[in-house]
Amino acid sequence: MLATLAQAVVNGLLIGGIYALVSIGVTLIFGVVKIVNFAQGEFVMIGMYISFFLASSFGIDPLLSLLISMPILFFIGVLVQHFLIRRVLGLGDMPQIFLTFALSLLLMNVALLLFTANYRTVQTPYSELTFHIGPVYFAVAKLIAFVIAMLLSGLLYLFLHGTDLGKAMRAAAQNREVAMLMGINPDRVFSVAVGVALALAGAAGSLLMPFYPAYPLVGQVFVLMAFVAVVLGTLGNITGALIASLMMGVAESLGVQFVGADSGLIVVFVMLLLTLALRPNGLFGGWAR
Amino acid sequence: MTSNFKTRPWFWIAVLAATALVLPLAVSDPFALDIFIRVLLFAFIGVAWNLMGGYAKQLSLGHAAYFGLGAYTSTILLIRFGISPWIGILAGGVVAMLASLPIGALCFRLRGPYFAIATIATAQVLMLLFLKFRDFAWGAEGTTLPNLGDAPLMMQFESRAAYYYIALGLLTLGLAITYLIERSWMGFYLVAVGEDEDAAEAVGVDTAKIKRNIYLISAFLTALAGTFYVEYIYFIDPNTAFSFNVSVEAALVSIVGGIGTLWGPVVGTILLEATSALLQSWFGSGHGGVQLTVYSLILITVILWRPSGLIGLFSDLYQRFAHAGSARAKEVPLDG
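Just so you know, the protein sequences line up as chains B and W, in that order. Numbering follows this note's numbering, with no gaps: position 62 of the first sequence is 62. Numbering follows this note's numbering, with no gaps: position 334 of the second sequence is 334.
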């Protein structure tokens, strides 16, 4: 019983690392640009397909293709910010919500047309590898994904707190007008924020590829998790999103283990609704509200 | 000659109503009739969504919750208790209203995008629950509805035209309710909430009550559509009844047509369903993804270039046309 519990917690934490990359991206865009990116999951999907094609055509290991998927998605992020998001800033809820929502629909269905609904997987030497500490098993691919995800989150933290551009971003998140008065160029800051957020989604995609199938709708799983984690972790709060994502991973895993295989999502949604009922502002304070 | 929509709306509405009424007599092709029924049904769902999403700007992406509750309530009453869907449709509406109270209490704590996300979650939770209810709601396999032949009292008909008229009746009901609300105090309160909730609250609008009331009405109407839909296709399962596509299409038709306008959802549905029918005839129905790809492109275009919806485009054109007409009409006597 205790071993099962520990196993469920470990599995949850490991996948929670991936959720964290997605939800940090969502919360970063929300904090800086004040837009909820409904298409964040589709950028995970794009990252997965990039890694899949690099692996199947050139034999590049998915973990290595991180170095390709992240810059590509950063660039896509800059384009999305410049041609789409920038044009609806300050226009009210409807255009802001439905623009990225439409983008999400578009990317999903274009992927469906281009790649069909088939599941694509990549077999790596470490895909099936496990080791155990006591009775608890660790899947190597998931552990690597978790470690890299935490490293990337740490790098983002250093970037936001240690570089001028990062500080400018946090300033723009706290108070856009004052930040602009201080000489911060909002266009540049917003482009970098969206670019970084999408690069994180791309990283999540590449990290998933060794143990998770790519298909056009795969992003939906991750974006729903991310939204719940972002609400739970207080909107715009990056550390909050990280902790909440790990909690979500564990909650989902416990749900699957103890309630039934298809109950993971119910547990997650119930957590969301409970949070809304009890603590609508999330569990943590925010730096960007 | 110089009449325009603003000065003589009833004339045009009468023309429209007459056309709608005789359409099934003129068109007997079942495929075409099916498209008309879909147009009426989705326009009706759009109208129901628009009351809340358009006027009060509470952008729900979870109206499938009420569509599904309506569908399941009437089907359970029909199959388990032999109760006519005519009663079931009202019961479904009442169940949806009751469900909207706790759902609203939770979701209205959030605003904007996070309200939308919370509504998605509620619809998903309901779908997941109905997947689990094997004993009285048939679980994931769903069930077919008993075919009783031509049984008008049980909402089953041999001819498609009958379904057409029911859908037309539903749409008329939705439009009438919207029209009445638009002209009442409630309409003004809704627009005030939609424009700026804090400001509305500050000048004494009970925003919580207004939002709750419009959610009740919107949920009720959406549930009617749910019952009608399963009676029309003779099948129900959680993925059909709580389909995310229903939530999306309800919002989509309203936004493309014109959010917060009486006729917006109707215009939007006609445009989108016409596009969809054209695409099907060009590409066949085998290409999954074509329709939604085009829908999302239309949506992005509308949001970037015409966020008030396409209905404004048509009334602009109409105005220009009517003005051109009146100018010429005045010139004629001078020339002659």
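Simulated from the structure, these hints should not be mistaken for laboratory data. Source: prediction; values computed, not measured. No residue lacks a Cβ here, since even glycine has one placed at the ideal position from N, Cα and C. Among the hints, a few may not be true.
Label pairs and their calculated CB-CB ranges [as the list claims (entries may be wrong)]: (1) W:26 - B:90: 47 to 55 Å; (2) B:177 - W:199: 18 to 26 Å; (3) B:5 - W:202: 35 to 43 Å; (4) B:87 - W:278: 44 to 52 Å; (5) B:182 - W:176: 51 to 59 Å; (6) W:304 - B:177: 20 to 28 Å.
Verification of the supplied hints:
{"no.": "1", "hint": "W:26 - B:90: 47 to 55 Å", "result": "holds, 48 Å"}
{"no.": "2", "hint": "B:177 - W:199: 18 to 26 Å", "result": "holds, 20 Å"}
{"no.": "3", "hint": "B:5 - W:202: 35 to 43 Å", "result": "violated, 51 Å"}
{"no.": "4", "hint": "B:87 - W:278: 44 to 52 Å", "result": "violated, 28 Å"}
{"no.": "5", "hint": "B:182 - W:176: 51 to 59 Å", "result": "holds, 55 Å"}
{"no.": "6", "hint": "W:304 - B:177: 20 to 28 Å", "result": "holds, 25 Å"}
Hint compliance for this structure: hints 3 and 4 are not met, and every other hint is.
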